[in-house]
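2 protein chains.
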Amino acid sequence: MHTTLNKVPQVISSQELLEHWQGHRALTRRTIEAFPEEAFFNHTIGGMRTFAEMVMELLGIAGPGIKEIATGNTAPLNEHLEHGNKKEVLLELWDKATEEINTFWPQIKEEQFQKKIKIFGQYEGTVISSIFYFIDNEIHHRGQGYVYLRSLGIEPPAFYER
Amino acid sequence: MHTTLNKVPQVISSQELLEHWQGHRALTRRTIEAFPEEAFFNHTIGGMRTFAEMVMELLGIAGPGIKEIATGNTAPLNEHLEHGNKKEVLLELWDKATEEINTFWPQIKEEQFQKKIKIFGQYEGTVISSIFYFIDNEIHHRGQGYVYLRSLGIEPPAFYER
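First to last, the sequence lines map onto chains A and B. In terms of this note's numbering, the first sequence opens at residue 22 and continues consecutively. In terms of this note's numbering, the second sequence opens at residue 22 and continues consecutively.
Please note: incorrect hints may appear among the correct ones.
[Unchecked claim] Listed below are several chain A residues computed to face chain B (Cβ distance under 10 Å; list not exhaustive): (1) 43; (2) 92; (3) 125; (4) 128; (5) 131; (6) 138; (7) 144; (8) 161; (9) 174.
For the record, the hints were derived by calculation from the structure and aren't laboratory data. We put the beta carbon where it would ideally sit given N, CA and C, even for glycine.
Just chain A, same shape as in the assembly (with noise of 0.2 Å):
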């Protein structure tokens, strides 16, 4: 019977799904890296808001994220981070992050991802649906610090390498 279940099969995995998501983490840290430290903090196109405050609103997304999603445990949001506008602050709880959701992911089961949620207490959806908000998110977001790395006139990561 359970050789028959592991047969069945999964568009993908919780596990691919993970691994898809920190190719997407490690191509953004590239990004930052990319970033002369005084235009991380400062620069904008079209007051839109600076590459470090939507990096800020990243982090204050992912880990908590998957942390409340797999204890059940509500915190509100949280995009504001003391950086000392140092990037390396930033890159530091980036690397955090990356070890938070490695830990918190397993303990999501397969059945869960279509259990309905409010994540951060506030916005609805399903576990899947919220957890590709994250990551549309932050690709959204990183596609506009290419752009603002171009205007630069510094070229980004290649799009393509995770």
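Starting from the known structure of chain A, fit chain B onto it as the hints suggest.
For chain B alone, kept in the frame of chain A given last:
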């Protein structure tokens, strides 16, 4: 037996992934609509492509990519389309691609998503990694389109609305 198989939890089903992507594609369509025609074909930042050129890449990938996965018939990637500098022409092609994806997607069997392929006769991966590339690449370039719009003083469509 079939009842048991149907109860095996999927992280995401094929149908849900289709709806997820078509939600993104509807948002990209609204992003195209938000551009003034002249800026759509001419506005750039930092030596990047125009949003029209990015959209043609997306059109070259989406419909043909899903058709290739469903049928197994390979064709080279074509990112150059006749448009006569009319947004309307590319919006019509966008809608045709929407139909093409909806037509061919159900022909992709669930056990096929983990299969190795060489999409457009060129890019090696699995069916699911290729489809994620199609979706992620669209989100990436649409995010860049958002910066173009903001730099023109135009508010892009809400990212969270699909």
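Open item on the list: When the structure is checked against the list of hints, which entries are broken? Sort them ascending.
Closed with: 1, 2, 3, 4 and 6
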